[in-house]
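Undergrad: Given next are the chains, with one letter for each unit.
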Amino acid sequence: QQQVKQSPQSLIVQKGGIPIINCAYENTAFDYFPWYQQFPGKGPALLIAIRPDVSEKKEGRFTISFNKSAKQFSLHIMDSQPGDSATYFCAAATSGTYKYIFGTGTRLKVLA
Amino acid sequence: DGGITQSPKYLFRKEGQNVTLSCEQNLNHDAMYWYRQDPGQGLRLIYYSQIVNDFQKGDIAEGYSVSREKKESFPLTVTSAQKNPTAFYLCASSLGTVLDEKLFFGSGTQLSVL
Chain E
-18 QQQVKQSPQS LIVQKGGIPI INCAYENTAF DYFPWYQQFP GKGPALLIAI
32 RPDVSEKKEG RFTISFNKSA KQFSLHIMDS QPGDSATYFC AAATSGTYKY
82 IFGTGTRLKV LA
Chain A
4 DGGITQSPKY LFRKEGQNVT LSCEQNLNHD AMYWYRQDPG QGLRLIYYSQ
54 IVNDFQKGDI AEGYSVSREK KESFPLTVTS AQKNPTAFYL CASSLGTVLD
104 EKLFFGSGTQ LSVL
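Quick note, the sequences are listed as chains E and A, same order. Going by my numbering, the first sequence wraps up at 93, each residue one higher than the last. Going by my numbering, the second sequence wraps up at 117, each residue one higher than the last.
Excised from the complex, chain E in its bound form:
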């Protein structure tokens, strides 16, 4: 119940394409869902996050879609660029706690 399942494991798109990464969770106590971006040899950095009281959140070219009833959330990258090539992790957490549960990561490659 503590797991966050992330798919796909890897993804290749052409420049300008819209890669979509999906995550699913079971624990209904989760109420904070961040996405982190990690470049090789670096630590992850927060990209965008959502709470379950909204169904969508946009920040620049990055959009999170959230489906509370299905317990799923997705990251969409609009007009993807080669510089977006990185590993993306979804996560879930419960307010008032310190534990984040991370997905297994998606390695994205955007071809020029």
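Keep in mind that a hint or two might mislead.
[What the hints assert, rightly or not] Here are the simulated lysine-lysine pairs, DSS-like style, with alpha carbons at most 25 Å apart: (1) E:K39 to E:K52; (2) E:K38 to E:K49; (3) E:K23 to A:K105; (4) A:K86 to A:K17; (5) A:K86 to E:K(-4); (6) E:K23 to E:K80; (7) E:K38 to E:K90; (8) E:K38 to A:K74; (9) E:K80 to E:K49; (10) E:K80 to A:K60; (11) E:K39 to E:K90; (12) A:K60 to E:K(-14); (13) E:K(-14) to E:K80; (14) A:K73 to A:K105; (15) E:K80 to A:K17; (16) A:K73 to A:K12; (17) A:K60 to A:K86; (18) A:K74 to E:K80; (19) E:K23 to E:K90; (20) A:K17 to E:K49; (21) A:K105 to E:K(-14); (22) E:K(-4) to E:K90; (23) A:K12 to A:K74; (24) E:K80 to E:K52; (25) E:K52 to E:K38; (26) E:K(-14) to E:K90; (27) E:K(-4) to E:K38; (28) E:K(-14) to E:K49; (29) E:K52 to A:K73; (30) A:K12 to A:K105; (31) E:K(-4) to E:K23; (32) E:K49 to E:K(-4); (33) A:K73 to A:K60; (34) E:K(-14) to E:K23; (35) E:K90 to A:K73; (36) A:K60 to A:K105; (37) E:K80 to E:K90; (38) E:K39 to A:K17; (39) E:K(-14) to A:K12.
Keep in mind the hints are simulated off the structure, nothing from the lab.
Position chain A against the provided structure of chain E, taking the given hints into account.
TA: Okay, now just chain A, sitting in the frame of chain E:
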């Protein structure tokens, strides 16, 4: 510049040896964390500390130990009891609990076994 500094960037461990990974932050954050990253397995929590002189085990604490004597520092010791220590280790910090408080990560330490 505020941030988290992890050292060394690369570390090699001999059989039966304990090694210590350093993590220092100047963000004035109360909470600090250690994660282990293995290919295809995401980030798994080893230990976390909410406040100085206090820490809790995460999901994979066996074979590891930590201390939190200063707010700025949270070193991780990989003991000889950890039989599969080869991984990328990430230290992180946050201002407090999960309340739109993001995790700030260091650049990691790659530990390998000789």
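Undergrad: Let me make sure I understand: some of the numbered hints might not hold for this structure. Which ones are they, in numerical order?
TA: 5, 8, 15, 20, 29, 32, 35, 37, 38, 39
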